[in-house]
Structure formats: C-alpha cells, structure tokens
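Protein sequences, first through last, are from chains W and U.
Just so you know, the first sequence maps onto residues 9 to 236 in my numbering.
Just so you know, the second sequence maps onto residues 9 to 236 in my numbering.
Just so you know, these hints were derived from the structure itself, not from any lab.
Among these hints, one or two may not hold up.
One copy or two, it doesn't matter: identical chains are merged, so the pair holds either way.
Stated by the list, open to error - In silico DSS-like pairs for lysine-lysine, Cα to Cα no more than 25 Å straight-line:
| hint | residue 1 | residue 2 |
| --- | --- | --- |
| 1 | 123 | 25 |
| 2 | 123 | 97 |
| 3 | 155 | 25 |
Protein chains: 2
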Amino acid sequence: MLIDTILTPALFHLHSKDIENKQVVVIDILRATTTMVVAYENGANTVVPVEHLEDALFYREQGYLIAGERNGVKVEGFDMGNSPQEFTKDIVEGRNIVLSTTNGTKAINACSAAKFRYISSFRNIDAMAKTIIENNLNVLLFCAGWKDKFNLEDTVFAGALAQQLLDNGFTTNDDATRMACSLWNLAKPNLAAFLADASHVQRFKSLHIESDLEVCLRFNTFSGVVRV
Amino acid sequence: MLIDTILTPALFHLHSKDIENKQVVVIDILRATTTMVVAYENGANTVVPVEHLEDALFYREQGYLIAGERNGVKVEGFDMGNSPQEFTKDIVEGRNIVLSTTNGTKAINACSAAKFRYISSFRNIDAMAKTIIENNLNVLLFCAGWKDKFNLEDTVFAGALAQQLLDNGFTTNDDATRMACSLWNLAKPNLAAFLADASHVQRFKSLHIESDLEVCLRFNTFSGVVRV
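In isolation and in its complexed conformation, chain W is listed as follows (with noise of 0.2 Å):
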C-alpha cells in the first residue's frame, strides 16, 4: 500500500486520481482536527465540519453547539471558537456540534469523493495508524495548511503517521512523504521547541493562545479514529 503527502489543499488535484479507492487522512493541528479529537473525548455525540459560517447557523437552529473562528478569532456570537480548551465535557458530553473553520474545512470538503476519510492529530495518531493499517488501502495524508500555504506543524503529523505506515509495510514513491518523515525524526526529541518558530506558533502568541498549543502536542489521549 502507497503513502503519499499533500502538503496543502492547493495541491489536492495532484493527487485526486483514484480517490474513491482511497482512504484520506485531513491533518489540521493548530486546531480544527485536534479540537475535534478533543470534543469526541470528552464525549461530543457528533462534530460537523462546514466551512461557511451561515451554514453553522443553520445547524444551531436544529439545537447543534456552533463553534468557528476566522483567522484564529472566535466568530462572535457563536458557542464555541476553536480553542480545544472550550470543548470540555461539561460542555460538550452528548451534543451535537458544527464546526467552521479556516483551513481545515476546505481540506475536509476537498476530498469527499474518498472511499475513507478521517481527521486526526496527534491526541489519537496511534489509533489512527493502526485503523489506516487495517483497511489496507493507498492512503493520502491531507495536510489542511494556512490559505492555501505549506506548514510545519501538520507535515509533522504527518511525517509521524508515515512513519508508523511504513514501519508496517507500507511504502511511498513521494518526496513530500519521506521529506515529512524526516522532519518528524528531526522533530521528536522536542516537539515543541521544533515548532517554536513555525508561522502558526507565532500567530499563536500574538493571538496569547499559547496554552492550546500544549493540549495540541498531547499524544495518544483518546483511543477512537474520527470519520468525518
């Protein structure tokens, strides 16, 4: 079975070939697929990701939790921004949830033709590899970038998720795939300081939202895969 990267949705038609006998992987860590990893932790019965914020509000009428930001900003007047740190189980145990966001939605709506499509991070990558495994199929790893822009933290992802692939007889024939893999060696002896300088982490403290960053840097939190 093949691996291969799509470093933003902007190269999303390279790969699009055959999809429907794909399984896709959507990476988007700071924060849309993290922050609904966590809300399936803490016991949401359902999260919706859409990516005009009028449709989130079509949802609220039929009693969803509505939560979005644009460009790292919570939408005013919504439940929820796309903080993991608001999805608590007080909040979110047994509701059912819409989610707009920036980046990540784009990359989930891309890739709809896929025979499987999840979303991940790392709170479940060892979850998600082993699913990946099992259905034994040619998988794509979608990383959801920022407008449109390759970055580190999802090609860390998942250089990580390739890594566990290939380590379990997967292969790849994709430069953006090994180029993944071994940023990921380089990168897990210190996760964070790695991606100290990424843009993202910098748009994160001038947003002073540096606490998520820990919670999105958590590994193997929650044991499910999310089908999206």
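Once you've looked at the hints, dock chain U against the given chain W.
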C-alpha cells in the same frame, strides 16, 4: 530582507504579490538549472530557456544549438538533451544555445515579472548567495519541482541557499523556508546519500543517467551567476 520558498510552480500564485520588487532564483537541480550553469562554465555565449519544443526549432534557424528533453529523454533531432555532460567546452564555447525542459522553463516563465530573475545550482551556490545579499531585496527561492509536485533535491538546494542568506542578515516568516533549511542541515553531511531515495533520483536510475547526478551535486565549480 525576507526569504520565501515556493515548493512547486502550483504554489507560485501565493507569492506573486509585489514580485516586481523581488529577486527570484529558479531551482531545477536535476537537471535544467544545473545544465545551464555548466553551459556558462564551459563558455557558452547565452542559454535561452524556452517552454515549447517549437520555440527551440525557431532558434535553430538563427544559428543556435538546440537542446531539450521530455520526461528526462533527449528530443529526437535536437543537438543535445538536458544532460550537463553533453554541454562540453568543445561543443558550447562561444555558442548560443536554446534549452527546452519540462519543469525548469515553466518556473522561469512564471516569474517573468520579477525585478531580477536568476537560475542557480550547487555549482554556483556561493556566487548566487553573494549576489542576492548585494542586491538587498526580498528573495523568492522557486523550486521547479516535477510536474507541479514537491521534490527533495530542489528543496534541499533552497535550504542550502536560504541558510547562507539567514547567516548574512536575511530573515524569514515562511514555514517552507524553515523546512528547507532543516532538510539541508540534515542532508549536508552526505547529500548524495540523503537524495538516494528521492523520486527523481530513482527516475535517473531507471534512465541509466546516474553519472549526471554526481555532476549536479558538485559545489562551486563556477564563480558567476546566471540571470535570465
């Protein structure tokens, strides 16, 4: 001064703003921009990059040598392919040459509005860095990639060049540049070994042109820069 790295031509549009005030370095290590540097090393009068094979034929009527490849193979009836080893002193000295290649020319054409536009390779990396620093303008390191996909060898070169610029007062806010520098620092103890798995190197092996690789990874054999 700021450094940005464009990982493939498919991401150029994200960096095209204000390009008339920037300097751009187009990178196609295997083999277009290396071959162009070798031609100048060996005394070529000029090397004109063109996208379409028909354009090359037009130049033949003006007395140019015509060189070109498609999918790594020399075009039938052309004087040379795209192997730097074909551009020897006895063939190219004092001659005008036109070169049509798959990926390099596409990138060169995309950034025609830049204030200064160069091509470079490991064979003139120090001279290129010196000129970029002297120009004292924001710089785009433009990897030609392979059919719009990311590749390792162009990115490692971008990292090597970016590292020299960072060491001389340039800065970056760009994750692609940070990643490229990380890759370069990982690769530099043994560049050939680092690239041995790269897709393009594998393609080289299948085309029996491994000896080109050694030529393409030689450092600072030329003290000039190539403006296009």
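For each hint, the structure was consulted:
With identical chains, the CA atoms of residue 123 and residue 25 are at most 25 Å apart within one copy only, with a shortest distance of 12 Å there and 38 Å across copies. In the homo-oligomer, the alpha carbons of residue 123 and residue 97 never lie at most 25 Å apart, since the shortest distance is 31 Å inside one protomer and 56 Å across protomers. Proximity of residue 155 and residue 25 under a CA criterion of 25 Å is satisfied in both settings, with 23 Å inside one chain copy and 15 Å between copies.
Comparing the model with each earlier hint shows a violation of hint 2 alone; every other hint is respected.
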